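**Q** This is what each chain is made of:
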Amino acid sequence: MSSEANGDGPDRAGAAGKSASLTVDGLVAGYGEVVALDGVTVTADAAGITAVLGANGAGKTTLLRAVSGMIRPRRGRILLADQNVAGRSPEQIVRAGIAHVPEGQGVIPELTVEENLRIGTMSWRHQRGRSARAAALEEAYTRFKPLADRRRKLASTLSGGERQMLVIARALLARPRVLLLDEPSLGLAPRVMAQVMDLVVRLSREQGLTIVLVEQNARGALAVADHGVVLNLGRVVASADAATLAADVALRHHYLGF
Amino acid sequence: MVEFLQFTLSGVVFGMIYAAIALSLVLIWRGTRLLNFAQGGMAMLTTYVAIEVIYKTHSYWAGFVIALVAGLVLGAASELTVVRPTTGKPELNAVIVTIGLLIFFEGLAGILFGGQYRSFPAAFSVTGLRVGGTPLGVSRFDVFTVAAVLFTTLILAVVFRYTTAGLRMRAAAFNATIARLSGIRVARVLTVGWALAGLLGALAGVLVSPATFLYPNSMDAIFVLGFTAAVIGGLDSPAGAVVGGLLLGIALSYVGGYLNSDLTSLVALGILVAVLMIRPNGLFAGARMRRV
Chain A
60 MSSEANGDGP DRAGAAGKSA SLTVDGLVAG YGEVVALDGV TVTADAAGIT AVLGANGAGK
120 TTLLRAVSGM IRPRRGRILL ADQNVAGRSP EQIVRAGIAH VPEGQGVIPE LTVEENLRIG
180 TMSWRHQRGR SARAAALEEA YTRFKPLADR RRKLASTLSG GERQMLVIAR ALLARPRVLL
240 LDEPSLGLAP RVMAQVMDLV VRLSREQGLT IVLVEQNARG ALAVADHGVV LNLGRVVASA
300 DAATLAADVA LRHHYLGF
Chain B
410 MVEFLQFTLS GVVFGMIYAA IALSLVLIWR GTRLLNFAQG GMAMLTTYVA IEVIYKTHSY
470 WAGFVIALVA GLVLGAASEL TVVRPTTGKP ELNAVIVTIG LLIFFEGLAG ILFGGQYRSF
530 PAAFSVTGLR VGGTPLGVSR FDVFTVAAVL FTTLILAVVF RYTTAGLRMR AAAFNATIAR
590 LSGIRVARVL TVGWALAGLL GALAGVLVSP ATFLYPNSMD AIFVLGFTAA VIGGLDSPAG
650 AVVGGLLLGI ALSYVGGYLN SDLTSLVALG ILVAVLMIRP NGLFAGARMR RV
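Note that the protein sequences, when read in sequence, are chains A and B. First residue of the first sequence? That's 60 in my numbering, and the numbers climb one at a time after it. First residue of the second sequence? That's 410 in my numbering, and the numbers climb one at a time after it.
Since the hints were derived computationally from the structure, they do not count as laboratory data. Model, not experiment: these values are computed from the prediction. The C-beta atom is built at its ideal place from N, Cα and C for all residues, glycine as well. Please note: incorrect hints may appear among the correct ones.
[Stated by the list, open to error] Every beta carbon over 10 Å from chain B, so not counted as near; a handful from chain A, in silico:
| # | residue |
| --- | --- |
| 1 | Gly-85 |
| 2 | Met-129 |
| 3 | Val-153 |
| 4 | Met-181 |
| 5 | Gly-219 |
| 6 | Glu-265 |
| 7 | Ala-302 |
| 8 | Leu-310 |
| 9 | Phe-317 |
[Claimed, not checked] Residues from chain B shown here face chain A by an in silico Cβ test under 8 Å; the list is partial:
| # | residue |
| --- | --- |
| 10 | Arg-442 |
| 11 | Phe-583 |
| 12 | Asn-584 |
| 13 | Ile-587 |
Work out the full structure: start from the sequences and follow the hints.
**A** In structure tokens form, the structure reads like this:
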């Protein structure tokens with residue numbers, strides 16, 4: 060609620076323009092007795108793509124969940140530009156400018172495509188009127204044409220690729236500076252997967268969006284990322300340029316499985 | 410034939426009351442997967458508020474409106490003070506808390522208003538209507554009962570379907586994680602859901618009490634029937650709750666009319682058990698599952 064008052068987040072003037080880095084510093088988080096993240100420090104450069112890689116259970120998803128406030132970090136800082144958002148609720152963090160696209164069923168199948176998109180504007184201030192929201196939806200439809208044709212249809216009727224398009228479009232409507240993507244290519248056909256990756260690159264290059272990309276598909280993620288971080292059992296075991304990581308044969312064999 | 414018509418119509422009247430309680434249970438169930446055992450108690454307490462106001466002001470409508478407002482307030486206050494602290498704890502905690510609330514409300518009503526049966530006024534005449542000399546078995550007040558529940562249901566449906574606040578509530582009910590990540594304050598939405606449930610309970614209490622009298626346990630039986638109606642409808646579906654209420658009301662009216670009115674509670678429980686055994690997701694689950 061305080062974030063609404065300080066004028067930061069999706070309501071600041073010229074939201075799309077300003078890039079921001081995301082720094083996670085000494086983050087400790089977990090579930091009950093289990094420590095899933097044990098002092099993780101990662102920096103995602105402004106307007107860059109940072110791939111977070113590692114095996115199942117390495118802590119990748121937990122990292123995103125902690126950053127977006129879905130779980131409360133036990134220790135450590137989460138800096139959006141220079142503002143610490145650790146310990147805030149998800150509702151506040153999306154208002155601060157971090158949007159999280161969770162893994163898997165990210166659409167609400169019982170709602171129409173348009174209703175799913177409208178949810179993306181729920182973090183906006185009430186003062187911003189109906190016309191601004193309508194304009195933002197039209198903008199989304201212009202960019203994601205297949206959604207425009209199906210706006211009145213239930214989201215359950217969409218294909219896997221269209222669903223991914225819908226959840227990313229919805230996240231963008233919150234006008235974030237940082238976009239957290241959890242396995243966006245999961246379960247997609249290779250051609251659709253390439254389209255999603257292409258979209259991710261354009262979002263960072265053309266809009267200056269800072270992207271944190273969690274992927275099981277390490278090869279695909281490193282191909283588009285600027286920087287890569289490898290997690291293992293809740294700790295960072297490698298952090299380097301994407302090209303350097305992709306060229307490190309031992310690391311690839313050991314942690315990334317390719 | 411006339412009998413059949415009378416039984417059907419009076420079944421519709423009671424069905425709408427069950428529907429109102431069922432709908433109030435569905436509103437809370439959808440948001441939190443919690444069955445609110447205190448629903449009947451909330452309805453009873455707000456009906457006492459109505460009767461006190463009616464005696465003080467000599468205006469039925471003042472009591473009616475204040476009861477609805479009291480329902481809103483009591484629902485929201487219950488959620489904020491007692492139910493909210495169980496968030497993130499084992500699910501059973503919340504269930505036990507609502508049972509505790511029920512006991513608290515019934516005890517409080519006993520202390521404040523006494524345990525005796527009190528008659529509750531009706532807004533309109535309760536003498537049976539006739540069409541061309543044929544008694545319909547329903548009164549003007551019964552017609553008002555049906556209209557009031559239908560009207561409230563319709564308003565809720567329109568709000569849910571066509572407004573941003575309604576979309577917020579539906580999103581929170583369908584997927585709280587996505588709702589929160591999109592900036593919807595789900596906790597606040599839950600409070601609103603409890604408030605609306607309190608309002609529906611108050612409506613049901615005021616409408617049913619002329620027929621049942623008012624006493625601290627007077628809504629217990631109505632709660633069980635409303636719960637049965639909600640289960641018939643699938644607990645998840647507002648439309649299902651209304652249809653479930655109507656089906657149950659009509660079925661019980663036939664049982665009471667053609668067989669024996671002592672059998673109605675037994676038959677209601679029989680229907681509840683049968684639905685849980687055969688279609689545990691409610692009669693309307695099949696269609697919904699396919700859609701998802």
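**Q** Out of the numbered hints, which ones does the structure contradict?
**A** Those not satisfied are hints 2, 3, 4, 10.
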